[in-house]
Amino acid sequence: MKNLMRQIKNYPSAVAGLAIILLLVALAIYAVTAIPYNEAVRLWRGGDNVWLETPRNARPAWFNWFYKEKKPVTIVRRTTDESAQKTELDLGGGVFIKDTILEFDFNYDDFPTELAIFFTASFQAARPNMNLVWVTPDGREIPLTELQVRANESYRVSQDSRLERRLGAKPEIGLFADPNNPGKPLKGTYQLRAEGMVFEEGSTVDASLVVYGQLHGLAGTDHRRRDLTVALLWGAPVALSFGMIAAVGSSLTTMMLAAAAVWFGGWVDWTIRRINEIVMILPLLPILIMIGLFYSRSIWSILGVVIALGIFGSGILSYRSMFLQVRESGYIEAARAYGAGNGRIIFRYMIPRILPVLIPGFVIQVPSYVFLEATLSVLGLGDPVLPTWGKILSDAQSNGALMNGYFYWVLEPAALLMLAGLGFVMLGFALDRIFNPRLRGL
Amino acid sequence: MLNVETTQAPAGVRHRSAGHNLNRVLKYTLVRGLTLLATVVIAVYLTILIANGGGYVDQMRIGQIKEQVIVAMGADPEMAHLTVQQRRELEEERIRVRIEQLGLDRPFMVRSFEYLWNGLTLNLGSAEYLLSDSGSRQVRNILGERLGATLLLMATSQLLLFFCAMFVALFLSRRYGSLLDKIVISMAPTSAAPGWFYGIFLILIFAAVLGWLPFGGMIDAPPPRNPWLRALSIAKHMILPVMSMFISSIFSSVYSWRTFFLIYSSEDYVEMAKAKGLSDRQIERRYVLRPTLPTIITSFSLMLITLWVGAIVLETVFAWPGIGRLTQQAINLFDTPVIVANTVIYAYLLAVTLFLLDIIYSLVDPRVKLGGGGTRA
Chain H
1 MKNLMRQIKN YPSAVAGLAI ILLLVALAIY AVTAIPYNEA VRLWRGGDNV WLETPRNARP
61 AWFNWFYKEK KPVTIVRRTT DESAQKTELD LGGGVFIKDT ILEFDFNYDD FPTELAIFFT
121 ASFQAARPNM NLVWVTPDGR EIPLTELQVR ANESYRVSQD SRLERRLGAK PEIGLFADPN
181 NPGKPLKGTY QLRAEGMVFE EGSTVDASLV VYGQLHGLAG TDHRRRDLTV ALLWGAPVAL
241 SFGMIAAVGS SLTTMMLAAA AVWFGGWVDW TIRRINEIVM ILPLLPILIM IGLFYSRSIW
301 SILGVVIALG IFGSGILSYR SMFLQVRESG YIEAARAYGA GNGRIIFRYM IPRILPVLIP
361 GFVIQVPSYV FLEATLSVLG LGDPVLPTWG KILSDAQSNG ALMNGYFYWV LEPAALLMLA
421 GLGFVMLGFA LDRIFNPRLR GL
Chain A
1 MLNVETTQAP AGVRHRSAGH NLNRVLKYTL VRGLTLLATV VIAVYLTILI ANGGGYVDQM
61 RIGQIKEQVI VAMGADPEMA HLTVQQRREL EEERIRVRIE QLGLDRPFMV RSFEYLWNGL
121 TLNLGSAEYL LSDSGSRQVR NILGERLGAT LLLMATSQLL LFFCAMFVAL FLSRRYGSLL
181 DKIVISMAPT SAAPGWFYGI FLILIFAAVL GWLPFGGMID APPPRNPWLR ALSIAKHMIL
241 PVMSMFISSI FSSVYSWRTF FLIYSSEDYV EMAKAKGLSD RQIERRYVLR PTLPTIITSF
301 SLMLITLWVG AIVLETVFAW PGIGRLTQQA INLFDTPVIV ANTVIYAYLL AVTLFLLDII
361 YSLVDPRVKL GGGGTRA
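Chains as they are written, first to last, in the working numbering: chain H, 1 to 442; chain A, 1 to 377.
Please note that the accuracy of each hint is not assured.
Said to hold, decoys possible - Pairs of lysine-lysine, DSSO-like flavour, derived with a Cα cap of 30 Å:
| hint | chain 1 | residue 1 | chain 2 | residue 2 |
| --- | --- | --- | --- | --- |
| 1 | H | Lys187 | H | Lys86 |
| 2 | H | Lys2 | A | Lys182 |
| 3 | A | Lys66 | H | Lys9 |
If you are wondering where the hints come from, they were derived from the structure by calculation, not from laboratory data.
None of the values given here were measured: they were computed from a predicted structure.
In isolation and in its complexed conformation, chain A is listed as follows:
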């Protein structure tokens, strides 16, 4: 994980040389990238092990082979004048040969690494029941179609959450002890419940009782032709899911970030800056926000982990056609390839999110730039 114990960094120190800094940042980013990649590999391997504990990956592969063989034989005109018995024997023979060719009779430990590679490249064959909207059965196509919706929803709510929480926390740390501050702080326990839980309440109020917003889905049916109306329709459907993620995380983030701001604004160098007669705005930007940002980014990335995972249920509750809803559909249909692929894609998404935050972290953390042990990843 990122460095949690951020010490009081001398914030005002000027950069030495740009090339040196860039080097540091690159090196830090590279190390973090490799660590995260290793994590993804391990997560996928674990997924494969768990999934194959019941022999499910093997079944998946054999099912795929059978289908290929049967399709190939169905297309072959030579087969037409064989009897059913002969055809079946030939089928079994070909399937057996194919299984041997692919090495499915080798010990599992050997095969598991092959599966690992297939998993990492999302080369997971075809789904058992689910279809993509374009009618494809390839797991990769099904996932690709759904990924956009999830990314749209998550990126919107995460960005909204980050900036709102930061501004509100900064605002409250200025008005520390005021009534507003106390109210927001006393709301912090509400973050015990995940986003989907608030989603149910929001649906109840805004969709069922008031009827202002849709119950779920992503776009009106039938979808409007005009691209502007389309965007508007999607935005309308997004309000409730984004709001429920927002409500479930905002108060606790504001609470902890405000605490960080308060700790950092009681540092000596802030007093010093005040004595120098700098404006409040300048002090806040240079001496409070700057050293606090790394800590905030760390806590934000911890929160994102829960947010991503919570999205599975959130999408289910709102019938949002993303990969979370796909997971739930795959569970109900017991569609193994899709479930395995979903776990893999979540590992990737988590790693990519954290990697992006790490880059930002390395850009804002003075210690990474100065080489003060920033690469202790």
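Next up, chain H with everything else stripped away, as it sits in the complex:
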């Protein structure tokens, strides 16, 4: 093992590959600990209330480093915040005025994408009243609307067509536009005056203002407002475990079969080779598609089928020729002489002998399975609940991400897939040279 590490050091590509793999493993461990499985599934399924306060199709926030004109990020202000300026006035008879001023600085060079206000209220019978006034940095006061608040209420400012007609522009633009230069937003401190009135003792009304930006978080969001970070993080453990289990599973079983074919010879060998010929040219993907469609889309049942079909494969022939050599070696004869059984000879003496040769092949195989998962996802047969890299690509593809210029949506999962692929293949190629000295000269 120590020797192996020393040899790996001689191959810069192997070191790079190993570094990439370790990085992905670290990412996978972080993902699993930071976002537990159930939480990841819940976030990715994203019911109505999970992604209420994230913008749609927003680019990653760090894009602002490269823009000369800064794009807005999402701003959220709540009346329950410490910083909110509250005034309360008792009018008697259980009627209270609860005014709150929500204040935020807007110093960006572009307009937000949407504007919404969400309310929560508690009351017995009489619904609280809320009057909303927008105050621009230059002191203009624009009344938005007045409404009776239910327990949960939302006011999508951007969809208010009356307001739009009044402003002569879409609300998210009209409310921010500079009167002297309507193409640009006015920078400065904006205020939302939420003038509440409750009609019962102990009744409350709260509002939160969401100014949806054009950028969001580390990875941006998709068409369903989901933060892509969740899926990018969780894609790592899924891809790694799918790729590695499939590669190990199919190589090990293939090897056992090859060993059995060589050891028993005769009709066993013949049958295994014939089956191999057939399975090798079975159209694997169409069969997987049918299984995904008719039985189960779960990534784990697909994994089982992949391993089952991968037992027979191109590897069996090369293992066979290796085992043919092993069978003739002296220590096998010695084992037979002391009366070792078939199983013992195959598992204790033959397979351990060629395991080292197996390792490079197995490492090189991992990416093909990682990409297989992505392939199935792009065809719309991805796991129904798990967030994976392939599913992000699939969403991006079906929503015309490239045509609409949402390049980040495609490039982020693609970069991770490529990274995983390169890492394993680079390491595998180098290992191949270490374990098969014949190749070293070439």
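Put chain A on the given structure of chain H with help from the hints.
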């Protein structure tokens, strides 16, 4: 599969008699053809078993029968003066009779062989949702319309790939150890990603950012009238998909083929030929390329298997109107007959491709001609 462990064949041996050789080649081809046919039969049978695991083939057949009966009754003027109730009873009665006639109530094992025959002859009835461009609902017509596009795309890229990879590999084996050689070799890991993956990048660069080439599809809309302009338009749409298949496979093929060339050019008989004073070109053609070709064809046919299957997604990504895209559309619509038919057609396409390569293999492999155990298929 083809014989992978090609031993060092004496390449310069002259042919004995032409008739004898032809016989060998024919026999080899025949055996391979039969093996591949058996594979197709098994693949289709497996498809039927999987598809009917959820009773889908049965549903497909019953759906077909219902439609036939209803259409037949709708066309019958006698039916016009029956009440709705009577009509429905008559319908059910006729459907039941028809199901019995066709033997759908027999055990599945018996029926499965009938389905196998229907599958092999692509006699799969009508699609549930999809239509062919000419408006037909027959699965066979839908597939037939799409097959041409797929064949055009695949044949172009496979031929391009084969010849480019061979020339580059030969070229690099001559300049073994040069900077160019090292660069190409270090690119080999890029083949870990399938063609469609590079397709996304190519679309991004050439369609979205630069705007030089179309995002996808096969021809401009509306299609040009002039046949030359038409061909040009198709060629323009083909550049990106062909390029993405090319990029995803070229480096690893060059890498492994170059290795084959290097192994074979270090044989004694090559040294011997050099000593005889033959030109480099002659040595390459007769003593290096000739014995390496069978190995290369074997590795090429292994690669083609992945290429064919990868085409499903590639066509989806490029909206290329072939059978791969059809598969994806059928998945989205859950159109069972089309999906089953697609699996069958892929089995056929794979087998035919491999069969063609096998014929070429038997023509270039000296052992097949000499009968040195070439028919160990």
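Worksheet item: If you draw a straight line from the CA of Lys2 of chain H to the CA of Lys182 of chain A, is it 30 Å or shorter?
Response: Holds, at roughly 28 Å.
Worksheet item: Given the hinted pair Lys66 of chain A and Lys9 of chain H, is their alpha-carbon gap at most 30 Å?
Response: Violated, at roughly 69 Å.
Item to complete: Sort out whether Lys86 of chain H lies within 30 Å of Lys187 of chain H, counting only the CA atoms.
Response: holds, 24 Å
Going through the hint list in order, the structure does not satisfy hint 3, though it satisfies all others.
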